[in-house]
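**Q** From just these sequences and the hints, can you work out the full model?
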Amino acid sequence: MPDAPLLTVEHLSMRFGGLVAVDDVSFAAADRAITAIIGPNGAGKTTVFNCLTGFYKPSIGCMRLDGARGSFLLERLDGFRVAQKAGVARTFQNIRLFAGMSVLENLVVAQHNRLMKASGYTVLGLFGLGTYRAEEQAAVERARYWLDRTGLTNAADDQAASLPYGAQRRLEIARAMCTEPVLLCLDEPAAGLNARESAELNELLLKIRDDEKIGILLIEHDMSVVMEISDYIVVLDYGRKIAEGVPSEIRRDANVIKAYLGEAEDEGPAARAGEARP
Amino acid sequence: MIARAETRADVPASGVLASLLKRAALAAGVAFLLTVGIVGFELVSSTGELEYHTRFGSIVVTVAAVFFGYLAMGLLQAGLIWPAIIGAVVVGAVLLFVLVGSIRDPSLERFLPYESSIVDWSLLMFPVGIVLRGLWLFGKARSQAKTGRIAGSRRYSGWLAWALIGAALVLPFMPFADRRLVDIATLTLTYIMLGWGLNIVVGLAGLLDLGYVAFYAVGAYSYALLSTNYGLGFWVCLPLAGALAATFGILLGFPVLRLRGDYLAIVTLGFGEMIRIVLINWYWFTGGPNGINNVARPSFFGLDFDRNPDEGVAAFHTFFGIEYSPMQRVVFLYFLILACALVTNHFTLRIRKMPLGRAWEALREDETACRALGINPTNTKLTAFAFGAMFAGFAGSFFAARQGFISPESFVFLESAVILAIVVLGGLGSQIGIVLAAVVLIGIPEFFRELKDYRMLAFGLGMVLIMVWRPGGLLAHRDPTMLLHGRKRGRS
Ligand SMILES: Nc1ncnc2c1ncn2[C@@H]1O[C@H](COP(=O)(O)OP(=O)(O)OP(=O)(O)O)[C@@H](O)[C@H]1O
Ligand SMILES: [Mg+2]
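Those protein sequences? They're chains A and B, same order as listed.
My numbering numbers the first residue of the first sequence as 1 and each following residue consecutively.
My numbering numbers the first residue of the second sequence as 1 and each following residue consecutively.
Hints are computed from structural coordinates only; laboratory data are not their basis.
Being a predicted model, the structure only gives us computed values, none of them experimental.
Some clues are possibly wrong.
Label-pair distances were calculated between CB atoms; the ranges are [as the list claims (entries may be wrong)]:
| no. | chain 1 | residue 1 | chain 2 | residue 2 | range |
| --- | --- | --- | --- | --- | --- |
| 1 | B | L483 | A | R69 | 30 to 36 Å |
| 2 | B | D479 | A | G18 | 48 to 54 Å |
| 3 | A | A138 | B | P255 | 36 to 42 Å |
| 4 | A | Y165 | B | A64 | 45 to 51 Å |
| 5 | A | R144 | B | I266 | 40 to 46 Å |
| 6 | B | F413 | A | S71 | 51 to 57 Å |
| 7 | A | G18 | B | L26 | 50 to 56 Å |
| 8 | B | I266 | A | A161 | 27 to 33 Å |
| 9 | A | T131 | B | L259 | 34 to 40 Å |
| 10 | A | R144 | B | G233 | 50 to 56 Å |
A few chain A residues that don't get close to chain B, going by computed Cβ distances all over 10 Å [to be verified]:
| no. | residue |
| --- | --- |
| 11 | T8 |
| 12 | S13 |
| 13 | A30 |
| 14 | D31 |
| 15 | L73 |
| 16 | D231 |
| 17 | A254 |
So the derived list for chain B, only partly shown, Cβ under 8 Å to chain A, looks like this [claimed, not checked]:
| no. | residue |
| --- | --- |
| 18 | L356 |
| 19 | E365 |
| 20 | T368 |
| 21 | A372 |
| 22 | G374 |
Note that the Cβ used here is the ideal one computed from N, Cα and C, for glycine as well.
**A** Written out as structure tokens, the structure is:
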């Protein structure tokens, strides 16, 4: 772990009625590193993301972000402010694009807050005043940069919904990156990709880590992706953290093997880990 | 319409035909059951007694029309275009023969099913429509075979817009433009403007607003009250009315915009009714059910349109040294609403290319994703609500100025429903689609006022036809607001 942690999560718990989806989880994610969160289905990984990105208010816990934009207690920011102020961007397990809009528009919408300011909250922009023109041009250039990196330049003017599945996953990442985040949270970005696309994704994520110098939190089931690119791994099962460490440690960890292979348990995590994922 | 997906597959034609005949017969049966009780018997009270007349002729024609219409549509869907066209031509020719013949020879009239000759004539729409649809499909199949993709409709939507604006500008000066036509055009334009305003809320931001007429009412009452109580002129009140309506939009929007979908629709419906009920009951302020009389008419840069205007006010006709004619005011009002509508349109086209407009559309597509990108959903929705309300406010004060009299009667829920129908049938978000839908739903039924009860039937028929033929609305095409590669490069 080269740097001081970018994100520190302490004693995070999330209850839905009687169900404890996340149970006293603590971990840290370093800047300029890929931290993977893994675990069988229903382990609570997506719930951790939802707490981090302001979609859920955690029942207990503290989430501290010390990024380039300053220090924030994420649980105190509501909803959209986590992305707007603190600079935490995310993608979704089931892709959420602006399906009817073009690929380029998807990326420009992601730069909404900056453009709103430049257009004088629309008032100046309507009359062609202010720096809006230049700022819009800059937004398009930023979009073009990410289109190039994700190999979507040729599809820029197509409808987002018309893209093939793998391209939609990449577009969602490009859209998150257009917000210029300090922490990028990816929820199963390799789900549904074939081997080649999955390898390309690995490369893209490593490049984002190294070139943009941001932290990445990665939920992933595909072990080839996780073991290859993660710098650090946190393992959840039944909402609890059962292990953490670098990939070589996790590979040998007895608890992790048990959770995934379900030793001596009939109805345990093995049954769930074997289920087809959505 | 269920079979839309399957029939195109390579099923042998005879199999298609058999199942199609069965379904057409079923549809005809349903049509029979639906009409036999309601249309087949007419209750007449003659000298205190209740008698019934039968109208089985109408039913036979209706059932036959449903059967053959279904058959033709099914054939078109199955790709058997020519049999459908030939059948429609034959039916149309027979119909035309009887219709034309009945003008000279009244004895032929007993073959005509309905009581109004306009309705009889409008039967021709069906065969003509089927032929047009068939030819359109045929042309599309050919151009697709040639170029391998569907020719873009966007190319002519640009000049269609300019042609429509040109036509609107010269309309009042056409020799056939009598007072009635210009009045109808003015009314249609009012609805076009309202449609464009509501389109900001429903079409762009995707918020289902069933109480839009409330803001129309706020605009109308703002102008009427300000002008009757304080003697303010139309041009001063217009921005005030817009601002007041927008304020109401924000006030009403703030508590309800956390709701999504159906809940929002129901609450806005409630607000629409609340405003109307307040208008009825706040007697000393709004005049209650009696409404407000003698609302001042708008002037043309200070020139009045009266024959003998008040002391110290110049009249339009004396200033320009022309004969007085009541048409002058009518034409002026027409151009006034045309200008207002065009401003609304221009605003929408511009704001679509601004961050706010794009955020509206993004919100319509996926609110959750918007949050994740740091877009404030509440504020964004509120601005859409406020801008939509503002244009309704403008239209409302125009309405009050044109009528000279307003009452809560004009702002019932049906108005909201009609405006929403225009937006939805026009193809959500499509500006020209709204124009076409307003002409179909307001202009044409108004023009055929003599059809009396059949007018609502025509309204319903227009809706059903649009839904059948263009389920996404008349023009459901969406142009991107920006392009990376420019227009020349074809889409791959
Ligand atoms: N909004 C909610 N209301 C009630 N229960 C919820 C809610 N969200 C998640 N849960 C429950 O919390 C548990 C953890 O769910 P979560 O989606 O976080 O799992 P996950 O680790 O992301 O699984 P997967 O690998 O299948 O995506 C599950 O039992 C789920 O049913
Ligand atoms: Mg999940």
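**Q** Determine for every hint whether it applies to the structure shown.
**A** Hint-by-hint comparison with the structure:
no.	hint	result
1	B:L483 to A:R69: 30 to 36 Å	holds (32 Å)
2	B:D479 to A:G18: 48 to 54 Å	holds (51 Å)
3	A:A138 to B:P255: 36 to 42 Å	holds (38 Å)
4	A:Y165 to B:A64: 45 to 51 Å	holds (49 Å)
5	A:R144 to B:I266: 40 to 46 Å	holds (44 Å)
6	B:F413 to A:S71: 51 to 57 Å	holds (52 Å)
7	A:G18 to B:L26: 50 to 56 Å	holds (52 Å)
8	B:I266 to A:A161: 27 to 33 Å	holds (29 Å)
9	A:T131 to B:L259: 34 to 40 Å	holds (36 Å)
10	A:R144 to B:G233: 50 to 56 Å	holds (52 Å)
11	T8	holds (22 Å)
12	S13	holds (23 Å)
13	A30	holds (23 Å)
14	D31	holds (20 Å)
15	L73	holds (17 Å)
16	D231	holds (24 Å)
17	A254	holds (37 Å)
18	L356	holds (5 Å)
19	E365	holds (4 Å)
20	T368	holds (6 Å)
21	A372	holds (5 Å)
22	G374	holds (3 Å)
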